[in-house]
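Turn these sequences into a full structure, and let the hints steer you where they fit.
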Amino acid sequence: MQEVLFLIPALPLVGFLILSLAGRHLSKQVIAVVGAGVVCIAAIATIWLGINFLQIPPENGAYTVTLWRWMSVANFNCSFSLRVDALSLVFLFVITFVGALIHIYSAGFMKHDRDYARFFASMNLFVCAMLILVMADNLVLMYLGWEGVGLCSYLLIGFWYETTANVQAANKAFYITRIGDTAMAIGLFLLFRELGTLDIPSIQNAAPEHFVKNSSLITSIALLLLAGGMGKSAQVPLQTWLPDAMAGPSPVSALIHAATMVTAGVYLVARMHGVFQLSPFVMNITAIVGAVTLLVAGCSAMVQTDIKRILAYSTISQLGYMFLALGVGAWSAGIFHFFTHAFFKALLFLAAGAVIESLHHEHGIFKMGGLKNKLPVVFYTFLAGAAALAALPLVTAGFFSKDQVLWYAWSAEGGSPLLWLIALAGAFITAFYTTRLMLVVFWGEAKTHVSEAPGRLMTWPLIILALLSVVAGFIEWPHNLLHVTLFSDVVQKVLPPVTEKEPIPSEAIFQLIAVVATLSGVYTGYLLYKKNTSIVAKWKQVPALVGLRNFFFSGWRFDQLYHTLFVRPFVFVTNLNKQDVIDKIYTGIVSMFQWLNGIFSVSQDGSVRTYVISVLIGIIFILALQFIL
Amino acid sequence: MQSYSVLVVAAILFVLGLLGVLTRRNIIFILISIEIMLNAAGVAFVAAGARWGQPDGQVMFLFILAMAASEVSVGLALVMQVYHQHKTLDVSKLNNLKDDIEV
Amino acid sequence: MILVWIIVVLLSGGMLCWLSARWNPLAAKWIALCAVLVDLAILVNIWLQYGRGVQAGTDTWMIQYQTAWIPSFGISFHVAIDGLSLILLLLTFFLGTLAVLCSWKEIKNRAGFYYFNLLWTLAGISGVFVALDLFLFYFFWEVMLVPMYLLILIWGDKNRRYAAYKFFIFTQAGGLLMLLSILSLYYIHGAQSGSYSYDYFSLLNTQLEPSAAKWIMMGFMIAFVIKLPMVPFHSWLPDAHSEAPTAGSLILAGLLLKTGAYGIIRFVLPLFHEAAVDIAWWAMLLGVIGIIYGAMMAFAQTDIKRLIAYTSVSHMGFVLTGIFAFREIAMQGVVMQIVTHGISTGALFVLAGMIKERLHTRDISKMGGLWTSMPAMGGIAMLFTMASLGLPVLGNFIAEFLILMGTFQANVWLTVLASTGLVFSALYSLRMMQKVFLGPATNDEKLHDITAREMIILATLSIAIVLLGLYPQMVMDLVVSKK
Amino acid sequence: MTHEQLMALLPFMVLATASIVIILLIAFRQGHTVIQVTGFLMMCLVIFTMWYVRDFLPQTIMPLLIVDGYGALFTGLIIFCVLVVGLFSYIYFEEREENPREYYILIFLSTLGAAILTISRHFISFFIGLELLSVSLYALIAYLRTRNNAVEAGVKYLLLAALTSAFLLFGMALIYMDAGSMDFSAIAQKLHTAEQSSPLFLVGFSLMMIAVGFKLALVPFHLWAADVYQGAPPPVASFIATVSKIGVFAVLLRFAQELHLQNNHSIMTIISVIAIFSMISGNLLALRQQNIKRLLAYSSIAHFGYLLVAFLPGNSAGVEAAAFYLIAYAITILIAFGVIILLSAKDKDAERLSLYRGLFWEKPFVAIVLAVALLSLAGIPLTAGFIGKFYVLMAGVQQQAWLPVIVLVVTSVIGLYYYLRIISTLFSDVSVAIEKEKKLHPFFYAASYTALVVLVLLLLGFGVMPATIIPGIKQFLLIGN
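Sequences listed follow chains A, B, C and D, in order.
The opening residue of the first sequence carries number 492 in the working numbering; numbering runs sequentially from there.
The opening residue of the second sequence carries number 4 in the working numbering; numbering runs sequentially from there.
The opening residue of the third sequence carries number 346 in the working numbering; numbering runs sequentially from there.
The opening residue of the fourth sequence carries number -11 in the working numbering; numbering runs sequentially from there.
I should point out that these hints are in silico values taken from the structure, not numbers from a laboratory.
Don't take every hint at face value.
[To be verified] Pairs of lysine-lysine, DSSO-like flavour, derived with a Cα cap of 30 Å:
1. B:Lys96 - D:Lys334
2. A:Lys865 - A:Lys602
3. D:Lys351 - B:Lys90
4. C:Lys450 - D:Lys351
5. D:Lys336 - B:Lys101
6. A:Lys1075 - C:Lys503
Below, the structure is given as structure tokens:
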């Protein structure tokens, strides 16, 4: 079993190599077969691996394989070794399975694109990097995957590079995540200095003995790692890149910016839980960051008009839930939310992509409408996804995961009523904007002509994902209902179980409140965008509300803030010094010598008298010197 | 002691010659001033020779005379050429050779 | 003796190129190529022989050769290689081969003299890497200047005269100070031991007063940091790099800068260990300043070769910081950085040269959207851009990671500052990529994508940089700790 | 006078005969070629006799002369320079269709003066040698009286040389007054016994330094140099730059060695101040000079500043350094002037730098030769100039004369700029064809080119393998010590 582990990341890598080296000479069919095929095989391999893993759990709870010695310097040893435990397995499954579906979908979605091969090559490379990220046995290798997915994200956001805005969006994504990455790198240095190793199991083992709980050292390490995670997972204040990242093709948004890459931060925090647990302070920070993010992004999502931006903000918001869950110590709840979110958010993006494709690349939701009948498959699948996002009770996967998060936001060790309240508000907001999105896009009258319905390559993945969005939640039920804990049982082989506060309030009440919040969100949406649209029109007259709307619309003006605080001063300073001020010193020296040359040259005026005087000066000088000395 | 006073005279003569070189413009006068300086040196040699009671000072004086003569003869030949070409003996007119920096 | 042959092959090859070009310009190219390939083959052979790493306890010097040169001064022709030299020599001939290849079409006039200069520069550089007599070292140090100067002067771009002067004068200024230091060391050692010698091993035993050590070391340091270059002595570099022909830039960035780092590692640290420890903080600080300053300068440039040149300043800042961290991890990182920077920046210069050949400009504001017409070049450019910003899988990551990790143990805050270099490098790298290859196409004319010859050059470089990223151990095994 | 003494003086007698032979040849109306060849052979004879009498050395011819290894070394160098200068002179004068015959008389006389300087150990021989050298030079400089401001240059040189001679004599007189002898060794003895050097001696020495400084073109007595180099015919300029300076430097060095001047603090200070100023102003003056002859003049000012640094230690290492430096410098300067001579057109010397644009593409050989010479002047390795500079620095560092050494380093970096400026002109693209009439005398052209090749090979040979010559120099210097 261990021996074939390397195949899972290697397959997409092979795909990447084939497509990038020979892609231009292959027909589109071959490209699609290769590009999607390798990921499908990887998915099958993963599922097979997963079944094996569950049936015969390996010793130590993980498959490991060392491919080769990567670096070995002084006391620093680092290998290219892969490790799959339960946590990795969940991620592996999502990456390969959802990835495979998205690849299949892309084969249809991208069929008119000139750079078909480049697209699949980048997607394959992404899958490979993401797999390495989650399979890495040590943090350096993880960092390799971590940066690798950043690269692919950059490549794919800027896939349509001929538009400058797309390239800028790609750059922005890279820059901001790089800031987080750098913090993470420093965290690794600190970890290495303290523990002398970067192997994940060794860290988990050594950390509790080495560090004093809540000491500043462990706090800084955890903070730095968290910063890395926040960059990748678009948490406030490093969230601004994700909405812009929607410049990429929709499958990219689905795979990278919804299902997998953005959850790398979640993975990192979960993976390093041993470190984070030693610093409750940082855990609190994590929870607060998550809470703030879910609220900030949710508010922004309410007023967006671009279908993909709505989904992007909603992604940020859902990631906020995951961070919140991790922060309060509900490890498996966070991962579970990741799990369900991957399905329904990928679904939403893919469906949105189908909508956009059918409407001649129209992104604005208010130019859509009435698609319910024209694109029935898309409508129903989108509905399933939206329901899951809004967490409609019992029938959607989103409900089961989000309900857990909400519950633990109060009841877990790190939880508090305030966090719960924010999460609740988030649930309301989510339901509201989801409803708004559905109503505006699919109901009402058609505003744009539908050119062609998506083909089977695109619809089948939608359908599968829609099914999963409904059923994926059934593997984990709340404690007071059914009490199915298939998911957390698996995950908690790795992650610590949640510790709850005493006294525990009744879970049912909380579930009820959550359901009410969700439903009232849905109703508010229905009220404003279906039943009584004049209210919105009236609100548009109120300056304060318009201002608030614009504030939310611009993503709480984070972009503007960063622009004035960092971008503009930096560009100004660099441009000011374009000619290199240090060079001026040297040109100054040169001019000085040239000037001196002019001065000395004066003495060479060709007159004998000057020369005689100079001789005389020489004599006087020498004699004077004689007598002074 | 006496030789020292001769030396002083020689020094005065020397400085006079030097002043002549400095103030005169005519090449011939400058040559004459240099002659004066050379002779001052000669006088100093004689004085020194007298001080040590050696003939060397006077020998040197003879050499100086010979050398001065040869120098002046070459000098005068050049002066003639200068006059040919420049129609003047003003030394300050002889400044075709100098630095001219073009930037 | 084989070491002497390495240099002799280059020198005589250069002469042959020059002479043969009179009859047949094509011959010069082939002779040059053969000369560097022969050397490369020799080096690879040595590598295969000793590449398993030197066992601890044995002599770290693989090959030594010594013969009297100017016996009256105690100067001998003493050359030797250890792992570090071997790596640098391999790099020299690897890049040297590529330099010959990438001049194949670019140099149309006076090719014979061109290859003469190219080979002599390489000879000087390889001499620097093997010399173990300080006089000999200085000798080679200067020998590589003149042909490089001529390369820039004759085959450079518009502003080549200025660039060539600046390059020569800066380096020479440092060199003379180093010569003073060498002489002082020579006399101090002679006075102590009674035997006057420039030999490295003899001078290693010199006992120096702390103040004398400081001054003497400064002479060495200035020469080396000018070559490195360290801010504020970097200002020759953008001019020289941007004006030099492609092969010139390749050699400058790939090899010449490395002689500075090599000098510090080989001479400054062993000869003046205490004094070096004393200035470590300042050196690291200047290294960090170099990282950030170079990156900021690179960000502002519009001339693509200037931009790449400033990235060198930034990357070499890592080298300086790493060396003075006095940690083995950092030192291994430094060696990696020397190698990988040579390859990645060299490759960027090669790419810039290819672009310039096609567009006849170095101004990135006149480029854009080149990916459309040249996807293959775009892909490779992306690879090396990523290398330059330190993406894992590529060699530069290993180097920077190890340097920073090692430095972190020496000084936390400077390392944190240095790490911001990772962000800055992303800024300038991606900006360059955007301006050149991405965005709307500005050129209507049809540009041809890379040719087979160019593909060979770039593919070799790409494979090298990926291999170094995945198997850095092959370099590290050679540079085992000498303690 | 014994037989041995006569034998020792044989080379100098041959040298003196050379002038007379030429006079006779002129009297018998022989042509230029015959005179040239005879002169060449005479000089070869001088060298031959020197080799022949080597076993008789050292010989002291009381009280004026001492023929020792030191003198032989410098005389040999001087004769070597004259050989080359004479060779170059042929094509230069032949092209100008002047009557060049008396030129050879003067040049051999002047050489004799320089040679006497190298073996003098007494004020009188010092003075006679110097004047023999100078008086011939006045005429040599103005030899081509109708062109190139040669007369102006001659007059300037004459006036200033005569003036400084007066200072020299006065200085000598003062020292004689003080020491009671004009013999170097006797003066040294007197000086040694005296508790401290008397003011008379110090003033005397200072005045002497003026004349020496003038001849070596040291600051502040250097102003004539550029004008004279520019005005004089290039062969004469090269003669001044090499023979005259070597002779004067030789006597200065001997004087200083004999008197152990390095122990005299104030004199050493004066010399180092002069050295520093010479290095600085020589290099600065050359910085933007467009006339290559003037530029060489300024560079020679700087170079003699460097030499003084080697002079400072005053021990055998210093002498060795100076000897090597002078050899390297002489070869280099001869190459540079040789190139100028070869490139000079009939009516105008090749002195404007603009004439050299793109020379490499027109006449690669000449350009390479000139470039090598310039690199040697700049002290870049592979050339003898580097070893020379290395020697000088070594002497300076050994003596821990940090200030002059640092100034040397800094100024040679400045100096690098103008050497590079010429080199970059040589290699620049736009080429101006130097119009050159058909070669009148293919044989002598070939000979001149051969001479250049030999010189360049020597320059490179000494640069790469200095071990081939250093033991020789050492051996020479040991004779008589």
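Status of the hints after comparison with the structure:
| no. | hint | in the structure |
| --- | --- | --- |
| 1 | B:Lys96 - D:Lys334 | holds, 27 Å |
| 2 | A:Lys865 - A:Lys602 | holds, 22 Å |
| 3 | D:Lys351 - B:Lys90 | violated, 42 Å |
| 4 | C:Lys450 - D:Lys351 | holds, 26 Å |
| 5 | D:Lys336 - B:Lys101 | holds, 17 Å |
| 6 | A:Lys1075 - C:Lys503 | holds, 21 Å |
Going through the hint list in order, the structure does not satisfy hint 3, though it satisfies all others.
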